[in-house]
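Throw the hints in and build the complete structure from the sequences for me.
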Amino acid sequence: MHTAPLETWNLTKGYRFEQPQLSPPSETARNSDELFVVLAFSGGGTRAAALSYGALAQLREVKLHWDPQTRMPVDCNEADSNAAAARACRDKARSLLDEVDVISSVSGGSFTAAYYALNREQIFDEKGSFHRNFLYYPVQRDLLGHAVYYPQNWTRLRSRVEIAANDYMRNIFGTTTFAALQPKGRPYLILNSTDASAGARFEFTQEQFDLVCADLSAFPIARGVAASSAFPGLLNAMTIDSFNARKCGYRGPGYRCDATTRQCPADVLDNDWVEMAMHDANVSHRRYTAARETLAYRDPAREHLHLLDGGLADNIGLRSVLQSLNSFDRPLADIDGRTVRGGWSLLDKLDAKEVKTILVITVNARTNKKKSWDEKQAGPGTFSVINASSGVPMGNFSTETLDLLREFAQEAELNTPGQPTFYAVEVAFENLADADERTFLSGMGTNFELDPFEVHCLIDRGAKLLREATTVEGGQKSFEDVVRDELHGSITPYSPYPKACTPESGKANIGTRGHFIDVGGDFQVTRGVGPDVDDAKGGGLLVRIAKPNGFGATIGYGTQSFRVNGAPGNPAERLGTLGLRTISAGVFYARRPGRFELSVGFSGGYGFGTFKLTDDARDTFGRNGVFDVRPEATNAWVIKPNASLWHNLTSRIALNLSGAYVTARPRVQISGGLPARTVDASAVQLSTGIGIKIF
Amino acid sequence: MEFVRVTFGTTRSVRVDGAVRGQTNDIIRMQAGTHSFDLGTPKDYSPSRIMTQVTGTSLPSPMVITFTPMFAAAVTAAARSTRAGARKTTRKKQRPPMKGVKKKKKIAKKSKSATTKRHQKVR
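Those protein sequences? They're chains X and P, same order as listed. Residue numbers for the first sequence, in the working numbering: 307 to 1001. Residue numbers for the second sequence, in the working numbering: 158 to 280.
Everything labelled a hint here was simulated from the structure, so no lab data went into it. As the structure is a computational prediction, the values presented were derived from the model and not from experiment. Positions of the beta carbon are idealized from the N, C-alpha and C atoms, including for glycine. The reader is advised that the hints may include incorrect statements.
[Unchecked claim] A short, non-exhaustive set of chain X residues, derived as facing chain P with CB atoms under 7 Å:
(1) 577
(2) 582
(3) 585
(4) 586
(5) 657
(6) 660
(7) 717
(8) 1000
[Claimed, not checked] To give an idea of the chain X side of the interface with chain P (calculated C-beta under 7 Å), a few residues:
(9) 576
(10) 579
(11) 583
(12) 589
(13) 590
(14) 591
(15) 632
(16) 633
(17) 638
(18) 653
(19) 719
(20) 723
(21) 929
Spelled out as structure tokens, the structure:
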């Protein structure tokens, strides 16, 4: 899929923070700059998405009363002395969710962030597409299904991220582009991904796209979410095109610099932060690095950018918030005599005294699974090491990012008399008071397929963790205190789901996850139905790709040995053993009631035949003067209708019992002995085996 | 985080890095590094711009940047000399040191004129 080029660089067009209105014109204004609320949603698959959803649902239950004079929340009882006025004040209640100004998200959190930014209250519709097609839906199984089942996707396996993007378009976001977000006002959505070449954060904002002369307005939101959650290995990088060589009249930061050599003119422009920052290597290395990264995107030699999961550069979505809090480096343009600002800077708003209170809520779905590596001398295996090599740095980096937020709160010297107030809270599993709940929630996997019970727990505890969160800048206040004392609001607890979310309740409530790809072995007992062959036994291997309810596919390898009758002189006696090594493939239709799965299918393949004479038969030939006996069996097609019953013992292991009717007709020839004849190897086959889920 | 106080005789808007970020005598927060300060229009202050590296400040002891008012005559004289200086600098700049550079400038000029057509004056 191609990226649309940007015709002309223009800071007043495209999806940018500085929208003409805070709320859509059709709605009553319900957002303000004075109370500035920022949400940061971390990565972590469905776990992160559900936890973020819980926080959103709780924010919706925080009610504030708005004072049009101060443009801040007010205590109705304090503001009005008479009951009627107090009632009128209370009627103006709005939720804290309506006050959210920016949502910055990564990976799994991007699903919740993007869906809310696009569909607002519809996200809470339990029959809506977010619940039905994402939160409670086995997304990753569907992704693999689309990759495996549809032949048109086989050639696109190197661009798996596009298969994912198409899936998200079909089921969750539609074909809506970022242009649809423009008229919706706040919250402003920042989806974060990682530029694979530079290792830098790449956000889906028009300011970022300006640097490569591309138009974000024509870019589907589903693709942005897919890029943000393109975990290396599972998905490949998403490619977007750079049009720098074509030019778009870019006059933003660093436009006079040589992007290839990263050199800027000696006469520094006073409104170009990149030119100034190039002198700051020893004073502010962070600013200097940001300037160099900006120039790197301007390089006309980079015709394409490759984007990976945002978690590689920032797994909690806080870096863009920190950048905004710490810096007012942003594009500027003079249009019709006024200075137009691109990007978003909370520091700008603080300096301009437009902001009175800043509230930053980070929803961090990091896990802390107990590792048993140190109990064994051998240490972690290869897969564990690969997993750790991506997870450990991401976790450490996230911790450092939170430290930077604490540092900002201290260094900026806010929350002092006459200064704006700043509160930052973190929703994280480690803040749960109950150790069992902590173990259960932080032991969940990072994937896009959780059990409904797990999703319920994450939503419920996400809301609870927000209510009980304490401010990170000093640990002095809880979120509830901030709402009550600072925002004069009230919280209704959002707690619709289970009372216990512990490993024990998990065992009792979590159903067996459906197997999607199994590998297994089986043992087959065959009973010949024709006169030519007798009973046989053999083993087999199987790879099985199954949908919970629908069509599936199998690939199998089997070995069968049939006893063939027709010895010389006594047709009822055994002549020898016919061996068939069969490679087969087939399709089946499965239904899954509970832990069981019943499937009916049909497979066909090719059997490679061998034939071995019995000693008695060889002796008989010898007695008849035939010594040069060479038994042979031709290869033959094998047809095998079958029915299977699977029992999912655990989330990993399933037992299988199958019945099949096997038909094969190889020809057996004994050179110098008997004339060639076709053997009817039709047989009823019963097999039992074990399947191990690999996905 | 750095803290700067810009002082001037009267209350004026303070431009930092090309945009208004606060008022004179107020504390302006900013990231450490090189920043440019001026008071916008009218240009009745001196110097016309201060570009300096801001570092090592705190809220109790911010960096203080001072602009002083200029008399009208001095303003006119300064404006004349600034314009003359600017012309001189521009002429000097336009002299192409190499053929390749000249070509690049032509392209830049073309794209600038296209932008101007869309009534977008870029600073």
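How the hints compare with the structure:
1. About 2 Å separates the beta-carbon of residue 577 of chain X from the nearest beta-carbon of chain P, less than 7 Å, and the hint is met.
2. Because the smallest distance between the Cβ of residue 582 of chain X and any Cβ of chain P comes to about 4 Å, under 7 Å, the interface hint for this residue holds.
3. Taken as an interface hint, residue 585 of chain X checks out: its beta carbon lies about 5 Å from the nearest beta carbon of chain P, inside 7 Å.
4. For residue 586 of chain X, the suggested interface contact is upheld, since its CB lies about 4 Å from the closest CB of chain P, less than 7 Å.
5. Interface hint at residue 657 of chain X: satisfied, since its Cβ lies 5 Å from the closest Cβ of chain P, which is below the 7 Å cut-off.
6. Contact between residue 660 of chain X and chain P, as hinted, is not supported at the beta carbon level, the nearest pair being about 11 Å apart and thus beyond 7 Å.
7. With 7 Å as the threshold, the beta carbon of residue 717 of chain X comes within range of chain P, its nearest partner Cβ sitting at about 4 Å, so the hint holds.
8. Given the 7 Å rule on beta carbons, the hint for residue 1000 of chain X is violated: about 49 Å separates it from the nearest Cβ of chain P.
9. The criterion of a C-beta within 7 Å of any C-beta in chain P is met by residue 576 of chain X, whose closest approach is roughly 4 Å, and the hint holds.
10. Given hint, residue 579 of chain X at the interface with chain P, holds; its Cβ is 6 Å from that chain's nearest Cβ, closer than 7 Å.
11. Annotation: interface hint on residue 583 of chain X holds; nearest CB of chain P at approximately 6 Å, less than 7 Å.
12. Given hint, residue 589 of chain X at the interface with chain P, holds; its Cβ is 5 Å from that chain's nearest Cβ, closer than 7 Å.
13. Because the smallest distance between the Cβ of residue 590 of chain X and any Cβ of chain P comes to about 4 Å, under 7 Å, the interface hint for this residue holds.
14. With a cut of 7 Å, the hint placing residue 591 of chain X at the interface with chain P is violated, because the nearest CB-to-CB distance is about 10 Å.
15. The interface hint given for residue 632 of chain X holds, since its Cβ lies 5 Å from the closest Cβ of chain P, which is under the 7 Å cut-off.
16. Interface restraint check for residue 633 of chain X: the shortest CB-CB distance to chain P comes to about 4 Å, inside 7 Å, so the restraint holds.
17. With a cut of 7 Å, the hint placing residue 638 of chain X at the interface with chain P holds, because the nearest CB-to-CB distance is about 5 Å.
18. Interface restraint check for residue 653 of chain X: the shortest CB-CB distance to chain P comes to about 6 Å, inside 7 Å, so the restraint holds.
19. Contact between residue 719 of chain X and chain P, as hinted, is supported at the beta carbon level, the nearest pair being about 4 Å apart and thus within 7 Å.
20. At a threshold of 7 Å, the smallest CB-CB gap from residue 723 of chain X to chain P is about 12 Å, leaving the interface hint violated.
21. Hint status for residue 929 of chain X: violated, given a least beta-carbon distance of 99 Å to chain P, over 7 Å.
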